[in-house]
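**Student:** Build out the structure end to end from the sequences listed, making use of the hints.
So the protein lines, in turn, are chains H, R and P.
All residue numbers for the first sequence refer to this note's numbering, where the first residue is 1 and numbers rise by one.
All residue numbers for the second sequence refer to this note's numbering, where the first residue is 1 and numbers rise by one.
All residue numbers for the third sequence refer to this note's numbering, where the first residue is 1 and numbers rise by one.
Honestly, the hints are just simulated from the structure, not real lab data.
These figures come from a predicted structure and were not determined experimentally.
Misleading hints may appear alongside valid ones.
Dumping the calculated DSS-like pairs for lysine-lysine here, alpha-carbon to alpha-carbon at most 27 Å [stated by the list, open to error]:
id, chain 1, residue 1, chain 2, residue 2
1, P, K113, H, K277
2, R, K277, R, K150
3, R, K277, H, K113
4, P, K167, P, K234
5, R, K113, P, K277
6, P, K277, P, K167
Some chain R residues judged to face chain H by a derived CB distance under 8 Å, without partners named [to be verified]:
id, residue
7, H40
8, R43
9, G46
10, S63
11, G72
12, D80
13, F237
14, P271
15, E275
16, A292
17, H293
18, V296
Using N, Cα and C, we set each Cβ at its ideal position, and we do this for glycine too.
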Amino acid sequence: MASTLHGKDILRTDPLTDAELDLILSTAAHFERELDSGQHANRMAGQVMAAMFFEPSTRTRLSFEAAMHRLGGDVITIADPKTSSAVKGESMGDAVRVIEGYADVIVMRRPRKGSAQEAADAVSIPVINGGDGAGQHPTQALLDTYTIQKEQGALDGLTVALAGDLKNGRTVHSLAYVLARFDTELIFVSPPQLRMPARITDGLREMGVTVIETEGLADAVQESDVLYMTRIQKERFEDPEEYERLKGAYVLDSAMLELARPTITIMHPLPRVNEIKPEVDAHPGAAYFRQAHNGVPIRMALLALVTGRN
Amino acid sequence: MASTLHGKDILRTDPLTDAELDLILSTAAHFERELDSGQHANRMAGQVMAAMFFEPSTRTRLSFEAAMHRLGGDVITIADPKTSSAVKGESMGDAVRVIEGYADVIVMRRPRKGSAQEAADAVSIPVINGGDGAGQHPTQALLDTYTIQKEQGALDGLTVALAGDLKNGRTVHSLAYVLARFDTELIFVSPPQLRMPARITDGLREMGVTVIETEGLADAVQESDVLYMTRIQKERFEDPEEYERLKGAYVLDSAMLELARPTITIMHPLPRVNEIKPEVDAHPGAAYFRQAHNGVPIRMALLALVTGRN
Amino acid sequence: MASTLHGKDILRTDPLTDAELDLILSTAAHFERELDSGQHANRMAGQVMAAMFFEPSTRTRLSFEAAMHRLGGDVITIADPKTSSAVKGESMGDAVRVIEGYADVIVMRRPRKGSAQEAADAVSIPVINGGDGAGQHPTQALLDTYTIQKEQGALDGLTVALAGDLKNGRTVHSLAYVLARFDTELIFVSPPQLRMPARITDGLREMGVTVIETEGLADAVQESDVLYMTRIQKERFEDPEEYERLKGAYVLDSAMLELARPTITIMHPLPRVNEIKPEVDAHPGAAYFRQAHNGVPIRMALLALVTGRN
Chain H
1 MASTLHGKDI LRTDPLTDAE LDLILSTAAH FERELDSGQH ANRMAGQVMA
51 AMFFEPSTRT RLSFEAAMHR LGGDVITIAD PKTSSAVKGE SMGDAVRVIE
101 GYADVIVMRR PRKGSAQEAA DAVSIPVING GDGAGQHPTQ ALLDTYTIQK
151 EQGALDGLTV ALAGDLKNGR TVHSLAYVLA RFDTELIFVS PPQLRMPARI
201 TDGLREMGVT VIETEGLADA VQESDVLYMT RIQKERFEDP EEYERLKGAY
251 VLDSAMLELA RPTITIMHPL PRVNEIKPEV DAHPGAAYFR QAHNGVPIRM
301 ALLALVTGRN
Chain R
1 MASTLHGKDI LRTDPLTDAE LDLILSTAAH FERELDSGQH ANRMAGQVMA
51 AMFFEPSTRT RLSFEAAMHR LGGDVITIAD PKTSSAVKGE SMGDAVRVIE
101 GYADVIVMRR PRKGSAQEAA DAVSIPVING GDGAGQHPTQ ALLDTYTIQK
151 EQGALDGLTV ALAGDLKNGR TVHSLAYVLA RFDTELIFVS PPQLRMPARI
201 TDGLREMGVT VIETEGLADA VQESDVLYMT RIQKERFEDP EEYERLKGAY
251 VLDSAMLELA RPTITIMHPL PRVNEIKPEV DAHPGAAYFR QAHNGVPIRM
301 ALLALVTGRN
Chain P
1 MASTLHGKDI LRTDPLTDAE LDLILSTAAH FERELDSGQH ANRMAGQVMA
51 AMFFEPSTRT RLSFEAAMHR LGGDVITIAD PKTSSAVKGE SMGDAVRVIE
101 GYADVIVMRR PRKGSAQEAA DAVSIPVING GDGAGQHPTQ ALLDTYTIQK
151 EQGALDGLTV ALAGDLKNGR TVHSLAYVLA RFDTELIFVS PPQLRMPARI
201 TDGLREMGVT VIETEGLADA VQESDVLYMT RIQKERFEDP EEYERLKGAY
251 VLDSAMLELA RPTITIMHPL PRVNEIKPEV DAHPGAAYFR QAHNGVPIRM
301 ALLALVTGRN
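**Tutor:** Printed below as a string of structure tokens:
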């Protein structure tokens, strides 16, 4: 029987079966071809998505809103936490139960881990997690995976380097677990203070993934099919001087890329500050803007699948 | 001749004729059946609703926006008072006269009483009052009435208890006047400091309504077909200790409901804080979330009727 | 060959050829007739406009959003500068390159002069300047021109008075240059401190325009086919008493209009504070609200032309 996501929530990536992951990626590819050909399928005409953003995230919000509009649907948005009824002491469960009557699907972003699950438990319409703080950000992991597949032509047989702050980076944690489903070698590049947590590294190795840890960005660049850069934030360091000394070591420039494979794909969840020099933008493998754009077909796929309009 | 609301403003409930009230309720019921059957009538395609919210009210705003989208129409929104041209010293009349050229209908919420009337006087497109402070909130009263009709099957022959802060509650004032058009007995349940104003009680009695006033919630619960709870706000009390002593007396729980009629309908304008215990949510008569959801068909009816698109 | 604006940016008015200006005005007139006849052409169904307003401007934003909706298209909006990723240190080029993947056209308002050009340089989809501080506000100049053409029946052979703060008024600078393309006589009416900059007056005279400068509003009113009033802002004066003395001299009232030509057109970019007395609103030539409403067909024309959907 064909797998389906109709009526399901998208809260984390780990409960997705391989068939469901395949379905999301292939549906996104289908929608992207439709967009490219200028078709306007209007699948979700008359449907309403509620974007409940209790934490600012312009990029994720606009990407979801654009996805809904590309499907012919409409959007109602809470983007200012201060105007919400939460200030009147209302519980989150009550708030989403009201919205349930206004919309067909809820996209929620909230800084507290587990809040997307809590919302999903309260309502019977599908909830998509747009990021719950230290929890998950599944649509980012899915668009990252979609980007790798598109740029490299496949998800198996790749060496993927994740570089920067691997300790606090929710994005790289989720992505590592998704990639572990495929025949992937992972290289983790970070300063010692910002290493990938041992529980994740151990978990990945148990899943059969080859994991290499290193501090040197240049070496990783030479070995990788995909280089995923993340931002190193000053706030993460107790000693500001240590930050100043380290940050320069995790900046990608054109010189470093001269030794890379010609087919390398360079990714970044954006916004970047100075982890990737602007000179790199002209590299054919600089995929970070394409990666951001892939958020639209992936979110179209998720919205259409969970509402049964694919 | 059939009654019509085409081109009219919805500023208060009292000027509505009984035929107009009937038309609104029956149009809402029609739209709700359409929504339930998944039909997408697209009556307001190409039409624009301007939501001018000079006071935060996420719930009312989103409900109106969802209603407009369900009708196939579009929305332009002012939700942040600080970004409006009012800060440049512009009069409200000028502000709405500009918006008149952008939209087919205006929904306005503004804290000053009478501001919806002022806006309606300035423009020739219909204005719907989304709440004008101590003034009226007619769409809330209409969705409350629609809820009672749906839950109880009729509006005549009911005993309706309104409980909590009856002094400051704009919502219960408007609802009491609408119910007075029908064969209703009203029970007002409040602490002495928060009694229904005498001018309203007197007015209702002159309209032929039986009004009973009491301080005891438990007795009212036993006698009522409909129990409408409202929030008692700490700010209304000069003596905080008095608030603490009183608030417990106006909290509905499952034990209290054991003596209620089995067909009781429990309502609340939401957000609730702790006036209704979460355990009550499982009661078949707990209608407060259905009540909030009824805001969509009622607002669809109003938008379609005043623009002649019903 | 027919002129076209397909794929072009609208950043300033001066690079527009006369044929392009004609095309914009005639397309706007066409769309206005469609709107008046209740037609709903749905030209931009499935298309998305990104409104990036890094500076509050409710009027311009809502007018663009209404225009996009009237064309059947959808809108994604950034209206709160604080929620944007700019706060995380992202460059403007990066920000718009991300949005490029979400939308078909970008409308940008940003207080820094030249920022619309910078955005246009970064992306390949069309960018429309919604006002870049001391730079240009081309859509205002175009709707002003459209208004004069509609109200007076032609753009040639007119005497146009621009009154108020001509020194700082971006709007009147742009409008003067557009009018200089036609057979126009310009009267500049301002206090000495707020005169039209000499470089602009000189430039207009070099273009063959007759320019008269005066301090007296009453005389200009008598001589003009079109009187364009602007606001004199207190902040522009070092000496507050001088402001108080001067502001009264630039207030239009009914008495002053008794000596005007009966066919005079009175304009104002709005919001007005007290430059035009409310009593003037009843004058048949009081066109300022019609002028604001003309923003919709002009912006429809621009959106449809640059995306090739006209």
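**Student:** Each hint should be assessed against the structure and marked as holding or not.
**Tutor:** Hint by hint, here is what the structure shows:
Between K113/P and K277/H the alpha-carbon distance is near 26 Å, which keeps this suggested pair within the 27 Å criterion. For the proposed pair K277/R and K150/R, the alpha carbon gap of about 24 Å is at most 27 Å, so the pair holds. Distance hint between K277/R and K113/H is fulfilled; the C-alpha atoms sit about 26 Å from each other, no more than 27 Å. For the given pair, K167/P sits about 14 Å from K234/P by alpha-carbon distance, which is consistent with the 27 Å threshold.
For the proposed pair K113/R and K277/P, the alpha carbon gap of about 25 Å is at most 27 Å, so the pair holds. Distance check on the hinted pair: K277/P and K167/P sit about 23 Å apart at the alpha-carbon level, within 27 Å; holds. Hint on H40/R holds. Least Cβ distance to chain H is approximately 3 Å, under the 8 Å limit. Look at R43/R: its Cβ only gets to about 11 Å from chain H, farther than 8 Å, so that hint breaks.
For G46/R, the shortest C-beta to C-beta distance to chain H is roughly 14 Å, which exceeds 8 Å, and the interface hint is violated. Annotation: interface hint on S63/R holds; nearest CB of chain H at approximately 6 Å, less than 8 Å. This hint holds: G72/R has a C-beta 7 Å from the nearest C-beta of chain H, less than the 8 Å allowed. Annotation: interface hint on D80/R holds; nearest CB of chain H at approximately 7 Å, less than 8 Å.
The closest approach between the C-beta of F237/R and any C-beta of chain H is roughly 16 Å, which is over the 8 Å cut-off, so the hint fails. With a least beta-carbon distance of about 4 Å to chain H, the hint placing P271/R at the interface is held under the 8 Å criterion. Checking E275/R against chain H: minimum C-beta separation of about 11 Å lies over 8 Å; hint violated. Proximity of A292/R to chain H holds as hinted, the smallest CB-CB distance being about 5 Å (cut-off 8 Å).
Evaluation of the H293/R hint against chain H yields a held restraint, the C-beta minimum of about 3 Å falling below 8 Å. Annotation: interface hint on V296/R holds; nearest CB of chain H at approximately 6 Å, less than 8 Å.
The earlier numbered hints that this structure contradicts are 8, 9, 13 and 15.
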